[in-house]
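Trainee: For reference, the chains in residue letters:
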Amino acid sequence: MLRFIFGRLWTLAPTLFGITVIAFGFVRVLPGDPILLMAGERGISAERHAELMAQFGYDRPLWEQYTDYVAGLLHGDLGLSIVTRQPVLDEFLSLFPATVELGLCAILLAVLIGVPAGVLAAVKRGSWFDHTAMGAALVGYSMPIFWWGLLLIILFAGVLEWTPVSGRISLLYYFEPVTGFMLIDSLLSGEEGAFASAVSHLVLPTIVLATIPLAVIARQTRSAMLEVLGEDYVRTARAKGLSARRVVGLHALRNAMIPVVTTIGLQVGLLLAGAILTETIFSWPGVGKWLIDSIFRRDYPSVQGGLLMVALVVMAVNLVVDLLYGLINPRIRH
Amino acid sequence: MSDTSSLREGAPTAPASPRGRLREFWTYFSENRGAVFGLWALAALVLVAVFAPLIAPHDPGHQFRDALLAPPAWVDGGRAEFLLGTDAIGRDILSRLIVGSRFSLFAGFVVVVLALVLGVTTGLVAGFFGGRVDTLIMRVMDIILAFPSLVLALVLVAILGPGLTNAMIAVALVLQPHFARLTRAAVIAEKGRDYVTAARLAGAGRGRLMFVTILPNCLGPLIVQATLSFSNAILDAAALGFLGMGAQPPTPEWGTMLAEAREFILRAWWVVTFPGLAILVTVIAINLLGDGLRDALDPKLKRS
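Chains as they are written, first to last, in the working numbering: chain A, 1 to 334; chain B, 1 to 304.
You may find that some hints are simply not true.
Claimed, not checked - Below, a sample of chain B positions facing chain A; criterion: calculated Cβ distance under 7 Å:
#, residue
1, Leu118
2, Leu136
3, Met138
4, Asp142
5, Ala146
6, Pro148
7, Val155
8, Ala238
9, Phe264
10, Leu266
11, Trp269
12, Gly276
13, Ile279
14, Asn287
Bear in mind the hints are in silico, worked out from the structure with no lab data behind them.
Think of the CB as a built atom: it goes at the ideal place given N, C-alpha and C, for glycine as much as any other residue.
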C-alpha cells in the first residue's frame with residue numbers, strides 16, 4: 001500500500017511542476033509587461049513603472065524569477081494582492097471555507113438524492129419513475145447553472161420571498177469566525193436566529209451547485225447498478241432466495257458503488273468551476289467570486305495564486321479519491 | 001464530462017461494407033426516440049441559425065423606445081408584435097434569440113472542430129510514437145486537465161482579452177485533452193492489429209498509417225466525445241459570456257443576454273427566462289443526440 005501511495009505521489013511530480021510553470025508563466029505571456037497591464041488605461045509614469053518592475057522583480061532573467069517564485073511557494077508565499085496589499089494566500093485561505101462549505105453541502109445533496117434515485121431507477125427499470133428520474137437527470141446535466149440560479153432567485157427570493165438573494169448570513173448578525181463554516185459558527189455564536197439565517201442563505205446556492213453533480217451521479221449510479229444486477233453473483237444471490245432488498249442493498253449496491261465513488265471524486269473539479277458561477281450569482285464570498293473579481297480588477301498576483309491553489313486542491317482531492325479507490329479495490333494497487 | 005476511453009475494449013464487429021455499417025448504425029440509432037428527437041431539434045436549430053435574418057421579426061439591434069421591458073404577448077400589457085417581450089432598451093427578445101442561435105451554434109461548432117483537430121493530432125502522435133513523446137504529451141494533457149475547465153478558460157480569456165473568438169480558443173484548448181486521451185487509447189489498441197502490420201509491410205509511411213489506416217477505426221468514440229463536447233462548448237461559451245468574458249454587448253449571444261438581464265430579474269422575468277431556456281433546449285437536444293450516438297456506435301456501452 002505504501003508503495004502504491006508513493007508511486008501515485010511520484011507520478012504527480014511532473015504535473016505539479018507543470019502547474020507552477022503555468023501559474024508562473026501566466027502573467028509573463030501577457031502582451032506588454034505586467035506592470036503596464038495592471039496599470040490599465042490609466043497609464044503610469046516611467047519612474048513609477050521602473051520602480052514597480054524592480055519591486056516585483058520583473059526586470060530580472062526569467063529563470064531567476066521562476067526559481068524565486070517556487071522558493072516563495074515552498075514558504076507559502078504567493079505574493080501580495082495588488083488591490084488589497086494583503087498576502088494572496090491569506091486572502092485565499094480566509095475565503096476558502098465559504099467555498100468548501102457550499103461545495104460540501106452541494107456534494108452531500110447530490111449524493112443523498114442522486115444515489116438512491118439511481119438505484120431505484122435501475123431496480124425499477126422502464127417504470128415511470130425511471131423515465132422521470134432520467135428525464136430530470138438529462139435536464140440537470142444540460143443545465144446552464146448561471147441561469148438556473150437566476151430562475152430560483154426569481155421564484156424563491158422574488159415571488160415567494162422565502163429566501164434571501166445573496167450573501168452568507170443576514171447583516172443583523174455578526175460574530176468572529178471560528179471555523180469559517182457559517183453553519184457551525186452561527187451555532188457556536190449562540191445568537192438566536194443566526195443558524196436559521198445561515199441555512200436560508202445556503203439553500204439556493206447549494207441547489208444550484210448540486211444540480212449537475214446530482215444528475216451525473218444519478219445517471220452513473222443507475223448504469224453501474226444495471227451492470228451489476230446482470231452479474232452472475234447477483235443471480236446466485238437471488239436464486240438462494242434472498243429478499244430483493246437484501247440482494248440490491250448488500251450484494252449489488254456495494255459493487256456498484258466503486259465507479260460511483262470515482263464519479264463523485266471527478267465532480268470536485270466541476271464543483272469548483274460551478275462555484276465560480278454560483279458564487280457570482282449569489283454574491284457568495286468564496287474563492288470563486290474572488291477569482292472573478294481579481295480577473296476584473298487585473299489583480300494578477302491574486303489570479304496567479306488562485307489558479308495555483310485551485311489546481312492544487314483539485315489534484316489533492318483526486319489523489320485522495322485514487323488512494324481510497326486503491327483501498328476499496330485491491331486490484332488497482334498492482 | 002468524462003472520457004469514454006477507458007470503456008472501449010475488444011474488437012469492433014464491423015460489417016463488410018460502409019453502407020451496411022451505416023444501416024446498422026441507423027437501426028440502433030432510430031430505436032432511441034430521444035436521440036431521434038434530439039437530431040430533429042438540432043436540425044431545426046441549425047435551420048433557424050442559417051435563416052436567422054429572414055425569420056427574425058425585427059432587427060435584433062433595433063431599440064423600440066416606446067416598448068421598454070414590454071412583457072411577452074400573452075401577458076397583460078404584452079404586445080403581439082413582441083412575442084417574447086422586449087428588453088430594458090426596447091429590443092425584441094425573440095429576434096435576439098433567433099439571431100443569437102448563430103453565435104451559440106457557431107461557437108460550439110468551431111470549438112469542437114478546433115479541439116478535435118488539435119486533440120486527435122496530439123493523441124495520434126502520442127499513441128503512434130509511444131515512449132518519451134507519449135509521456136511528454138500526456139503529461140502536458142494531465143496538467144491542462146488539473147485545472148477546472150472554466151477556470152482555465154477564464155484565465156486564458158483574461159490573457160487573450162474578452163471576446164467570443166478568444167473565448168472559443170480558450171474553451172477549445174481546455175476541451176482538447178479529452179480528444180487526445182481518447183485517440184491515444186484507441187491508437188494503442190489498434191496499433192498491434194494485423195491490418196496495421198499489413199499496411200506497414202506494404203510500405204505505408206507514418207503519416208499514412210496514422211491518418212488513413214488507423215484513424216478511421218477510432219472514429220466511434222471520437223464522434224460521441226465530439227457531440228458531448230459540443231454541448232459543453234455551448235455551455236462554457238455562454239458561461240463566459242455571462243461572466244462578461246465572452247461575446248460582448250450588444251452581441252445577442254445568449255449568455256451575454258443573460259448578463260445584461262441580470263439587474264432586471266426581479267422586475268422582468270422574461271428577459272432572464274428566455275435566453276436561458278434557449279441554451280437549455282439546445283444543450284438537451286445535443287445531449288440526447290450524443291447519448292443516442294454512444295448507444296448506437298458502441299452497443300456494448302448501452303446504458304439502458
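Trainee: Could you check the structure against the hints above and give me the numbers of any it violates, in ascending order?
Mentor: Hints 1, 2, 3 and 9 not satisfied by this model.
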